[in-house]
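Chemist: Listed below are the residues making up each chain.
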Amino acid sequence: MTEYLEPLEIELKRNDGYMLIKWNDGHAGRNTFVTMRWNCPCAGCRGEMGSKGRLDFIKLLTPEEVTLASLEAVGLYALRPNWKDGHETGLYTYEHLRDLCECDECKAKFPDRFENFRLTEKFQADKRRSGRS
Amino acid sequence: MSPQSLEQLQSGMVLSAEGGDKDKFSLEAPVEIFKTETGFQLKTDKLVLNVDLLPE
Chain A
101 MTEYLEPLEI
111 ELKRNDGYML
121 IKWNDGHAGR
131 NTFVTMRWNC
141 PCAGCRGEMG
151 SKGRLDFIKL
161 LTPEEVTLAS
171 LEAVGLYALR
181 PNWKDGHETG
191 LYTYEHLRDL
201 CECDECKAKF
211 PDRFENFRLT
221 EKFQADKRRS
231 GRS
Chain B
8 MSPQSLEQLQ
18 SGMVLSAEGG
28 DKDKFSLEAP
38 VEIFKTETGF
48 QLKTDKLVLN
58 VDLLPE
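Those protein sequences? They're chains A and B, same order as listed. Residues in the first sequence are numbered consecutively from 101, following our numbering. Residues in the second sequence are numbered consecutively from 8, following our numbering.
It should be emphasised that the hints constitute simulated quantities derived from the structure, not laboratory data.
For lysine-lysine, the following DSSO-like pairs were computed, each having C-alpha atoms within a straight-line distance of at most 30 Å:
# : chain 1 : residue 1 : chain 2 : residue 2
1 : B       : K42       : A       : K184
2 : B       : K53       : A       : K122
3 : B       : K53       : A       : K113
4 : A       : K113      : B       : K50
5 : B       : K53       : A       : K207
6 : A       : K184      : B       : K53
7 : A       : K122      : A       : K207
8 : A       : K209      : B       : K53
9 : B       : K53       : A       : K227
Chain B on its own, in the form it takes in the complex:
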């Protein structure tokens, strides 16, 4: 799943994470993103973030 398609899942959502000055990342950066049963998962080498989708 690309960041672009993730954005289409829920437009207007901002979801990012920073790993410090040396390895900042966000949806635009190379964060691993996976679709899950209830939403999606963002994964870096330091943190896994599981997000459920809110109804429109």
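So here's chain A without its partners, still in its complex pose:
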């Protein structure tokens, strides 16, 4: 069992709206940019300290918001996407990216993770309780 979750290889499919990730535990993941953007972890998007964020008040994302312009690896724990609309403050930890994985295996294992593209509170609470990573 690997102690730290980290990607070994990332294949950006920017023209198709997703990326493939080969993880160090052998998992072959798939993350769509739409789901990533709806789950942007920055304070402006998701809110903080009990206040709502921008994503709580919108129903649609623009094409520019879900188009990946570039990507930056941050230390050994996260990726920072730079979206075509200029947004670049979301640091996606590897653990968060794994939660957002939409490969067939993850979709079957956690079929009710998302509601309107966003991770449900229940999923996140269950995860905290179980301590799974």
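The hints should help you fit chain B onto chain A, whose structure is shown.
Modeler: For chain B alone, coordinates are given in the frame of chain A:
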């Protein structure tokens, strides 16, 4: 392919990776860069990143 020629592939693109405080690297640092059929590949000892080019 040099970082300079890579930048010419798609001007304005920022693509970098950091391997921690001891071995930071970016396009300006010694990262291996290869041209691929659909774009390019950045390779370090910890991570391989394949990037497809967006149309202008």
